[in-house]
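Hey, can you work out the whole structure from these sequences and the hints?
Protein chains: 2
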Amino acid sequence: MASDTGTDLAAPARRGPYAKTAKRRQEIVDAATNVFATRGYHGGSLRDISRQIGLSLTSVVHHFPAKSDLLAAVLENADHSADWFLDRARAHGVKSAILDVVRHNLDRPELLRLLAIVSSEASDPEYPAHGWFVKRYENLAAELERDIAHDIQQGRVPSDVDPEQAAHLIIAVWDGLQLQWLLDPAQDMPGRMDRALDRLLG
Amino acid sequence: MASDTGTDLAAPARRGPYAKTAKRRQEIVDAATNVFATRGYHGGSLRDISRQIGLSLTSVVHHFPAKSDLLAAVLENADHSADWFLDRARAHGVKSAILDVVRHNLDRPELLRLLAIVSSEASDPEYPAHGWFVKRYENLAAELERDIAHDIQQGRVPSDVDPEQAAHLIIAVWDGLQLQWLLDPAQDMPGRMDRALDRLLG
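Protein sequences appear in the order of chains A and B.
First residue of the first sequence: 1, per UniProt numbering; consecutive thereafter.
First residue of the second sequence: 1, per UniProt numbering; consecutive thereafter.
None of these hints come from the bench; they were simulated from the model.
One or more of the hints may lead you astray.
Dumping the calculated SDA-like pairs for lysine to any residue here, alpha-carbon to alpha-carbon at most 20 Å [stated by the list, open to error]:
id : chain 1 : residue 1 : chain 2 : residue 2
1  : B       : Lys135    : B       : Asp188
2  : B       : Lys135    : A       : Lys135
3  : A       : Lys135    : B       : Asp69
Now the in silico label distances, taken between C-beta atoms and shown as ranges [claimed, not checked]:
id : chain 1 : residue 1 : chain 2 : residue 2 : range
4  : B       : His104    : A       : Ala142    : 24 to 34 Å
5  : B       : Ser96     : A       : Arg47     : 49 to 59 Å
6  : B       : Gly191    : A       : Ala142    : 11 to 21 Å
7  : A       : Ser45     : B       : His130    : 18 to 28 Å
8  : A       : Ala142    : B       : Lys135    : 55 to 65 Å
9  : A       : Gln154    : B       : Pro125    : 38 to 48 Å
10 : B       : His104    : A       : Arg103    : 35 to 45 Å
11 : B       : Glu126    : A       : Ser59     : 26 to 36 Å
12 : B       : Ala66     : A       : Pro185    : 22 to 32 Å
13 : A       : Asp79     : B       : Ser56     : 26 to 36 Å
All C-beta atoms, glycine included, are put in the ideal place defined by N, C-alpha and C.
Here's what the structure looks like:
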């Protein structure tokens, strides 16, 4: 999986063919995020993606030979903020870290829509990214479980909270509130998540 | 929208062309549920659906002129159990009614997958069933809010619970736990939902 797209772009001194390739790849990944987010993975074609950025299909296929390679790059790109979340959760607690991500996500409905569609499609074991999504949820739950246990140690969360259960319920309510917000953007997603966390970690 | 498919089939004495039409429609709706559940709405074609039950495309189009008609029929069919839920919630409380539905849903992963995919896709305002899904979530939340208020009146739920907030959080955690279960069927979905309801209505 291509995990270097974002960091390559972040290095401003890079020039020449490498920088150009990285820029082109990122353009394709952004276009794919958009197309998959509106038409789903099965419904969006490499042709749609190449058209959106005025590239030839051959050029897209040169960077991403199969549609599933492109999906992998889109998903990796979407999960880039994981390290930042970790630091924040350790320093200020799970609740504060989650609410920061929720507020940050208000600016990227297309990406949330894509993740919602593709994670639902990927629940089918036949789906190309099935394993990736199963692993993603396992990792998310395990990480959150550790962070909640840490919060209990620090006295930020009462000790009658079961970290494993709470982790799964928090991920669930988070996914569900995102969906409700995507359907009706007038919903106060951070406010609702705040109350959910008080109940689930209270 | 075709809302008579299920009830027509439930009347065993029906014979002749009407019964045949109803049976054929239900076959098509079942096949469409399956195809949309595995390939999404955009990814599944009328041709895939007709192939699955060995019908001609013309025959499918005769019953459902547009793919969006078929999606409407599938969604109506999926929401058939609403009245039953209502009665149960009034008699035994929201928690008991929800856990009954969650247990019942263990037998129909394909339908849950379809609803998860299509509700995510439908969050895009351009999507054919967008209005239907926005309305569905509004109705669900309003109904649950009334049921929780009733539970508070009956002393089944403490009066510091905000029915409007709790309704949205319950729907969210429910959607999210279904997704986690679809990805990993070893998850104890009813057990997790039980704990979520204790926290959100406790």
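Results of checking the hints against the structure:
1. B:Lys135 / B:Asp188: Distance ~30 Å between Lys135 (chain B) and Asp188 (chain B) Cα, so the pair is violated.
2. B:Lys135 / A:Lys135: Not OK: Lys135 (chain B) and Lys135 (chain A) at ~34 Å, beyond 20 Å, violated.
3. A:Lys135 / B:Asp69: Not satisfied, since the Cα-Cα distance of roughly 37 Å exceeds 20 Å.
4. B:His104 / A:Ala142: 24 to 34 Å: holds, 30 Å
5. B:Ser96 / A:Arg47: 49 to 59 Å: Once the Cβ atoms are compared, 51 Å apart, the range 49 to 59 Å for Arg47 (chain A) and Ser96 (chain B) holds.
6. B:Gly191 / A:Ala142: 11 to 21 Å: 19 Å Cβ-Cβ, so the 11 to 21 Å window holds.
7. A:Ser45 / B:His130: 18 to 28 Å: Holds, since Ser45 (chain A) and His130 (chain B) (Cβ atoms, about 22 Å apart) stay within the stated range.
8. A:Ala142 / B:Lys135: 55 to 65 Å: With a Cβ separation near 38 Å, Ala142 (chain A) and Lys135 (chain B) fall outside 55 to 65 Å, so the hint is violated.
9. A:Gln154 / B:Pro125: 38 to 48 Å: holds, 43 Å
10. B:His104 / A:Arg103: 35 to 45 Å: holds, 37 Å
11. B:Glu126 / A:Ser59: 26 to 36 Å: holds, 27 Å
12. B:Ala66 / A:Pro185: 22 to 32 Å: Because 28 Å falls inside the window, the suggested range holds.
13. A:Asp79 / B:Ser56: 26 to 36 Å: At 45 Å between Cβs, range violated.
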